[in-house]
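Asker: Dock chain to chain to rebuild the complex, using the hints, since each chain is given by itself in its own frame.
Chains A and B supply the protein sequences, listed in that same order. Going by the working numbering, the first sequence opens with residue 1, and the numbers climb by one from there. Going by the working numbering, the second sequence opens with residue 120, and the numbers climb by one from there.
Be a bit skeptical, because a hint or two may be false.
In silico contact screen, one side only, chain B against chain A (beta carbon under 7 Å); selected entries [claimed, not checked]:
1) I140
2) T169
3) V176
Simulated from the structure, these hints should not be mistaken for lab results. Backbone N, C-alpha and C define an ideal beta-carbon position, used for all residues, glycine too.
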Amino acid sequence: MSTRDADTQLELLQGTLDLLILQTLALGQAHGHAIARSIEQRSDDVLQVGHGSLYPALQRLLKLGLVVAVDGISENNRKARFYRLTAKGRKKLFSETSKWQKLSNAIALILAPVAKENP
Amino acid sequence: MLGWKKRRNQLLREFETHIEIEIQENINNGMSPEEARHAAKKKFGNVGLTVEKSREVWGGLWLERLLQDIRYAVRSLSGVPAYTATLVCTLVLGLGCVTTMLAVIQSTLMQPVALPHSEQLVQVYTENSPDGTYASPQALSYKEIDELRRGNRSFTGVGGYNTMVRPVTASDGTRIAVLTEVTSDYFQMLGVQARLGRLILPADTKSPVVVVSHEFWSERLHADPRAIGSTIKVSGELRTVIGVLPLSIHVPQGTGGPIVYVPVSLDASGDDDYKLESASTIARLKPGVSMQQALADAQSIFAHSEPGNAAQDRHLGLRSYRDLVVGDMQKPLLTLLGGVGVLLLIACANAANLQIGRAASRMPEMTVRSALGASFGRLLQQLVTESILISLFSAALGSALSYAAVEVIRHAYGNQFPRFDELSIRPIVLAGTAVLAVLVGVVASIAPALNIRRKTTSRFNTKNATRKTRLPGILVALQVALTCVLLVISGLFVRTLQQLQNVKLGFDPRGVTTLVLMPENQNQDQQLSREIEARLLRRFEALPGIQSVTMQTEIPFSNYNMVLDGRTDVSGRTYQKGDSALYSLVSTSFVHTSGIRLLKGRSFLTEDDTSGSLVVLVNEAFLQKYLDGRQPLGTTLKFHRDPGDTDTDLPFTQPMTVVGVVENEIQGGDLGAPYQPMIYVDSMQIPKNSPIGLIFNMTAQYAVRSSLGPAALSSELRAALKDEAPTMIEMSLRPMQDGISQSLGQRQLALRLVAGFGIVALALSAVGIYGVLAYSVALRRREIGIRMSLGSSRLKVAGLVMRQAGAMVLLGLIPGIAGAWAAGHAVRSFLYGVSALDAATLVYVGVVLVLVSAAAAFFPALRAAQIDPVEILRAE
Numbered sequence: 001m002s003t004r005d006a007d008t009q010l011e012l013l014q015g016t017l018d019l020l021i022l023q024t025l026a027l028g029q030a031h032g033h034a035i036a037r038s039i040e041q042r043s044d045d046v047l048q049v050g051h052g053s054l055y056p057a058l059q060r061l062l063k064l065g066l067v068v069a070v071d072g073i074s075e076n077n078r079k080a081r082f083y084r085l086t087a088k089g090r091k092k093l094f095s096e097t098s099k100w101q102k103l104s105n106a107i108a109l110i111l112a113p114v115a116k117e118n119p
Numbered sequence: 120m121l122g123w124k125k126r127r128n129q130l131l132r133e134f135e136t137h138i139e140i141e142i143q144e145n146i147n148n149g150m151s152p153e154e155a156r157h158a159a160k161k162k163f164g165n166v167g168l169t170v171e172k173s174r175e176v177w178g179g180l181w182l183e184r185l186l187q188d189i190r191y192a193v194r195s196l197s198g199v200p201a202y203t204a205t206l207v208c209t210l211v212l213g214l215g216c217v218t219t220m221l222a223v224i225q226s227t228l229m230q231p232v233a234l235p236h237s238e239q240l241v242q243v244y245t246e247n248s249p250d251g252t253y254a255s256p257q258a259l260s261y262k263e264i265d266e267l268r269r270g271n272r273s274f275t276g277v278g279g280y281n282t283m284v285r286p287v288t289a290s291d292g293t294r295i296a297v298l299t300e301v302t303s304d305y306f307q308m309l310g311v312q313a314r315l316g317r318l319i320l321p322a323d324t325k326s327p328v329v330v331v332s333h334e335f336w337s338e339r340l341h342a343d344p345r346a347i348g349s350t351i352k353v354s355g356e357l358r359t360v361i362g363v364l365p366l367s368i369h370v371p372q373g374t375g376g377p378i379v380y381v382p383v384s385l386d387a388s389g390d391d392d393y394k395l396e397s398a399s400t401i402a403r404l405k406p407g408v409s410m411q412q413a414l415a416d417a418q419s420i421f422a423h424s425e426p427g428n429a430a431q432d433r434h435l436g437l438r439s440y441r442d443l444v445v446g447d448m449q450k451p452l453l454t455l456l457g458g459v460g461v462l463l464l465i466a467c468a469n470a471a472n473l474q475i476g477r478a479a480s481r482m483p484e485m486t487v488r489s490a491l492g493a494s495f496g497r498l499l500q501q502l503v504t505e506s507i508l509i510s511l512f513s514a515a516l517g518s519a520l521s522y523a524a525v526e527v528i529r530h531a532y533g534n535q536f537p538r539f540d541e542l543s544i545r546p547i548v549l550a551g552t553a554v555l556a557v558l559v560g561v562v563a564s565i566a567p568a569l570n571i572r573r574k575t576t577s578r579f580n581t582k583n584a585t586r587k588t589r590l591p592g593i594l595v596a597l598q599v600a601l602t603c604v605l606l607v608i609s610g611l612f613v614r615t616l617q618q619l620q621n622v623k624l625g626f627d628p629r630g631v632t633t634l635v636l637m638p639e640n641q642n643q644d645q646q647l648s649r650e651i652e653a654r655l656l657r658r659f660e661a662l663p664g665i666q667s668v669t670m671q672t673e674i675p676f677s678n679y680n681m682v683l684d685g686r687t688d689v690s691g692r693t694y695q696k697g698d699s700a701l702y703s704l705v706s707t708s709f710v711h712t713s714g715i716r717l718l719k720g721r722s723f724l725t726e727d728d729t730s731g732s733l734v735v736l737v738n739e740a741f742l743q744k745y746l747d748g749r750q751p752l753g754t755t756l757k758f759h760r761d762p763g764d765t766d767t768d769l770p771f772t773q774p775m776t777v778v779g780v781v782e783n784e785i786q787g788g789d790l791g792a793p794y795q796p797m798i799y800v801d802s803m804q805i806p807k808n809s810p811i812g813l814i815f816n817m818t819a820q821y822a823v824r825s826s827l828g829p830a831a832l833s834s835e836l837r838a839a840l841k842d843e844a845p846t847m848i849e850m851s852l853r854p855m856q857d858g859i860s861q862s863l864g865q866r867q868l869a870l871r872l873v874a875g876f877g878i879v880a881l882a883l884s885a886v887g888i889y890g891v892l893a894y895s896v897a898l899r900r901r902e903i904g905i906r907m908s909l910g911s912s913r914l915k916v917a918g919l920v921m922r923q924a925g926a927m928v929l930l931g932l933i934p935g936i937a938g939a940w941a942a943g944h945a946v947r948s949f950l951y952g953v954s955a956l957d958a959a960t961l962v963y964v965g966v967v968l969v970l971v972s973a974a975a976a977f978f979p980a981l982r983a984a985q986i987d988p989v990e991i992l993r994a995e
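With the rest of the complex left out, here is chain B (with noise of 0.2 Å):
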């Protein structure tokens, strides 16, 4: 800096010279001083140009005038607080959401999964459930997962698992934990090393070893070295702690908690300790196998596998890990960034209004800086920096902001969402939102820049005239359109859930608890089971302020449910394949407890139990599918027998017959999801060792209904059940509709953020009508004054701003309503029950916005009204 200064000292004392010789020759040449003076700088010509411009033959000067321009910005800025406090508000809510958004979809879909060469694993899945009993309905069985291993070869490592809840005793007690069961090659396929102790190895197969997660270990075995070794005890049975994994593995759903792994090991009908058949796939590929090779290599497998093998009609996929655990998440977050990109444009059209017009407050200095001989490219440099400066100030606010609304989001939701556990804000967030924000204070400085371009060359002093620019009304209008796209997008998530919790549930969850049981060893004998499970429900119903309790395999919204795909026979018709029910294995009461609506025939009766021949109750949606026209009841249901099926792959031979039609319940846990045929089957009437009695009583499932309040209602029931049956270990106790509410949950967290967008859009809108009207009535208060001096009404004055504040509202309504049928049609795999184009939701939207205008437009209208028309005449 100091050769700078240098340099231009050295040029002004040699243009001096260069001037002083010049006035001394036209002295002698017979001028007076006065007129030599004059002459000689004339022909000179501008000093202080010629200075730049010879300094700018060395280069370099672009760095000067950077930190001069930086220099004079921070000090005319801090010389106008509010504007800048309002320009940084605006484009700090604007960049900071947008890095928050940006943080969460680097951290769960752009960063590699944390395993080695995580690229190269792979979900194999089968696009057509198995048979028999399985955890995921895209599970392969054991037995296609060893030919898979055996035959392949594209992969150097096949892996399986699957995921349950069960009792897990510690020494701090028996508490539910996460249990994922793995082949034993399965850490190897991850590549994971233990954090202390080992991992499972493929002698361990048989041996009842555990090992635990981080969080397992922490929160449950207090952190303690010594605990590799200790026995714990997993679903009864006595397991040795052999290793606990890292702190950030969290295989293989994504997400952290206290989690226990035990081996698979295989009985002699190839179940596991569950009686599960099938377990979830994921597979290592070769370095330089591509996922179209190696699905082509697996399905030639299952092709050649012997005659009569499932696995043959086998229809497989194959997607990468890092869908597997995310491929959900995928389309929400994109939808949320398009919402807070929608934002950052609006806030982006905000910084450029505001600039506008602090530039038209600004045009002296620019006139006398351009008239000193400052080029325009000179002005919009010092227009560009100030822009770029303000953001980019911005943008380190709002990236602090969402440094801590991350944090805020990953303790809230670490385990809730996969992945979200590790949010962060990494270096390339940082970087993209530098770049957005220069980007921003480049685009929001060309309107003021291309203002600015015309008053300087234009040749007529404006001072008197009345300029409209069109510019700010337009980027108004933008924002109104913008506004209106958030703006009916999160209306029609409103109605989305309104719709939702309108839903006809097809029973009565009001007054009714769930309560789930599991014994405390699950080996425990099916037929023991059995008793006790008939034994509390008899206890249950006997005890006081309880109406009635059933008990059934599939609860609505319970997170225990055990399914029943079967393939069904129903006499009268030809068996074709897909021909499929789902079952409810429930108690004699189902239908008085549910709530649920007999719609012919009639319900279960005490007697049935006891009078050997089987009865089952149909839903609309089998008797639509499967009955259309006939007569239901006393039609005979049998499970299909395949060739080559023996007794023992059938859950039971015995015929059903229907005695009654019910109306169609919500099945699992999704509001939104169509109705599947299902039969509902007395679990009393079932065979004794027949294999649907030893899964499905392995979870018992109860639902109570009762007067009683909540806490009165637990309390009575977990005494029945400590006196009755204490080793049944509850897994979950809550009224039904909390589990409603729940399931709406996610549906309301995407709600709230998009409501949230379409207020801050609105408030953003409205701070933008506000400013530009407020600086038109400043600019026209002379237009305004003589329109009153020749006699025009304070009304029809605040009539005129009004009705520019509806010209740029009506302006932008217009491809605002287009632009959100466009947007609803985006989102409408996540609408239920509305449009994506609806008529109401458009009508209160555009309400709303011509409503919150009009305020907005309140205040400028009012100051039009109060000018003074003698004082701006006398003004002049």
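Next comes chain A alone, as it looks inside the complex (with noise of 0.2 Å):
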């Protein structure tokens, strides 16, 4: 029984995973199953939940007018959605990073003098 748990875990991804899509993208066009193999090997733990858990987040960008999709052939000639970056993702793209950097900073510099406190 594991709907509940999914859904939990999908939200806590969110972020996180809108922002994983768009630094895909951001290297070029792809399709679903190249974005999910290229998350998937940077980072294992957040596609656990399985592949599908990406096509919401996608539509999600989507309507947010982040990336657009259009059809097309497929490495291996199959037919493919392919998702592509629009300008404004990439503005996203690059203030969201920003963002977590500047966070992931505050909390080196606050995590920092306690660790010599009690060491």
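Answerer: Listed below in structure tokens is the structure:
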């Protein structure tokens, strides 16, 4: 009985997953499987629940206009839908990434002295 | 909808490609095709759920789901017609009753009165009745109305009216009609326009004109437009019809019917044509003036009136016109609404129980859907949709039924209760019913949904365990409690009615017929009327089969009583404010005819008429109030004279001597009302030309004691009347007992309604008990089979089921009795002669509930006893 577990996990993932997809597409257009494979390789944990959970995120990005989808032919001659970053998507990726970096820098600064005091 | 499908198919194609690529890669990595497919599918996850989640992103899915749910609900409900029919019937009953009651309340209590800016209209009334003659004890004298009209700063208009019944002669003969005399500014103040012709204007004060209601115009003037300008005879006076009111205008009492309106015209002494000195008063507030301001204004006008004026010690009150028309209806109607509300709760509990039962039989379906990925929210939505669908459907059917019910009520009671002629179901009521239906739908589906949640999330397969749910039992207990409340209230009403029927009337109505006459010409000479009436009395007395006849100005249950409430000096007692008694003018054989018991002294004698001294009888209430512990016989009474009063202000000046005391008898038409002190005067002894005679000779009321059948007696009396006094018009002729039962009629109507609710509630509860037990027996078949194979007898098994029923009923009876006590307390003003917590009623209701419950539990118990243990164990 994993539907409810999957629900909560997906919610936690949402922001991260969106960012990962945008990051993947920054290198060029890709179809669903390719995106999944790429994310999987970079972070196995995130996609543990299944490749399927990628698609609601893709639909969300489509709706927000961060990506567009076009029909095309895959590398092994299959009809597939390819996703490409829009200008808005690129801007978003940039801003989110810098936000992430600021956040992690901040966290690093906060955590460092604590570690010193309690060795 | 095409968009949804397209997107769905596109997503499915995309997923397919995704999985195919994954399979290919797996094969390339050395898996067997079979393994590769399996691994790819596992990696992707639940395809159906992913499609839903992906599409959810785009929104609008709820609508698709709703339509899907509705389609599904209709399909699955049509598969279980018995369940659906039971549920629909239950809810139609509950919602239909509530809709009808809401429609009645909305039409009568909430819908503004059909007059322009009716919220500005108020009644100005007095809380201490004026002296002299009046049609309503709350009336103000014409002089006071005039002072109010001239002196106020709060009203745009002040009008007065009096309503009475008089003979009216049109082309179709002489028949009685409601006559309303109105001050000439009355219609202007109300802001009413004529349907035809014109209405009464200030210039019409002295002119012989008449305005008629739409009903009078269509029933008695053949709806002829040429009737304007024709003449009709109103109470003996020829009057020209100048106008017809619109159909919807029923002023002042709010009930339809043929009514004629004539202008008030006052004589030199301030009396109108009908010898009345006062009128009910309606005023229109100036915009922005509150009732409190207006009341203070009116009171200050009266406080500053000239010294010695009765207006100075008038306690004024103000109420809205709507309250004047329907004020009396408010409490009974709201009580009935409470009754139907309880009924709806019972129906709701039944619906919940039915749905719990059905949810149990749907568990496999729910488990499968849950396993396929449906979230609990999705299952809940399906259940709630189905439940709301049913209750909306029931609400539609219920509204159709209540539409018919409202039509029936309007036809039956349109002329009897104020504003009932305006009854209709307005959109706001339907909207209210729809909201209620949705609420009922949601509430009734909560319990089954919780059940499903528990079962689909439990880790154990519950198939082999007998699981007990307490909820259905609690719901049945709730039903029993609510039913108990309704039954106790109907029981109290039944007891009230019995008590009223057993009220000591103080007289013997059996074999007594009342006849009310009125001179066709109301200005007929007083002395002539008196002579005619006395002659008729002698004629009636001489008729064969008639034992005795009396005239009485106040006959219990008559609608034509004239009341003189006179301030009275009692010899040996200092007059105090409020020392007054009712005066009834009777004829010599009063005691004999009425059958009233003479407690002390003697009755009137024929010799009294001519002896010159006035002798009177008083009742027990008079004795208690004024002559407590004293010898009543021989006491002298006199009308009290205030400083400044002249002889003409008093009914008469002669002293009266008490010669006898009679038992209290019912006064007026209310069986439950307390007794007022009363003085009986022989009308033949009243001095000629006394103002009291003038008024009291306007109607003649005869009580006739006879052993003849009603038909024979009527024709005999009518023949004598036609022969002796053709100018006297018959207003009413009926056995006295008809009057008594009519006075009980209104209470009987309420009783029938409440008792109806009680019976419906009982039926619903019985269905609820049956349903829960039948379901429980079905669930416990295995347990019962095992019990029986271990040696339990069939009787013991049946006892098991009966005990379960007994527990539910007992659990309901205790809060039920507490609730009944509270409800009884709330309706105590409708009760008479029975306390709000009547032990006999409670015991009776308890016994009925237990018996009906036992009957409802009998069949499931029988089914349990018939379980074959061998069959059950074989199925294991």
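Asker: Each hint: holds or not?
Answerer: Status of the hints after comparison with the structure:
The beta carbon of B:I140 comes within 4 Å of a beta carbon in chain A, closer than 7 Å, and the hint placing it at the interface holds. Hint status for B:T169 relative to chain A: holds, with the closest Cβ pair at about 4 Å, below 7 Å. Hint status for B:V176: holds, given a least beta-carbon distance of 4 Å to chain A, under 7 Å.
Violation of the numbered hints given earlier is absent; every hint is satisfied by the structure.
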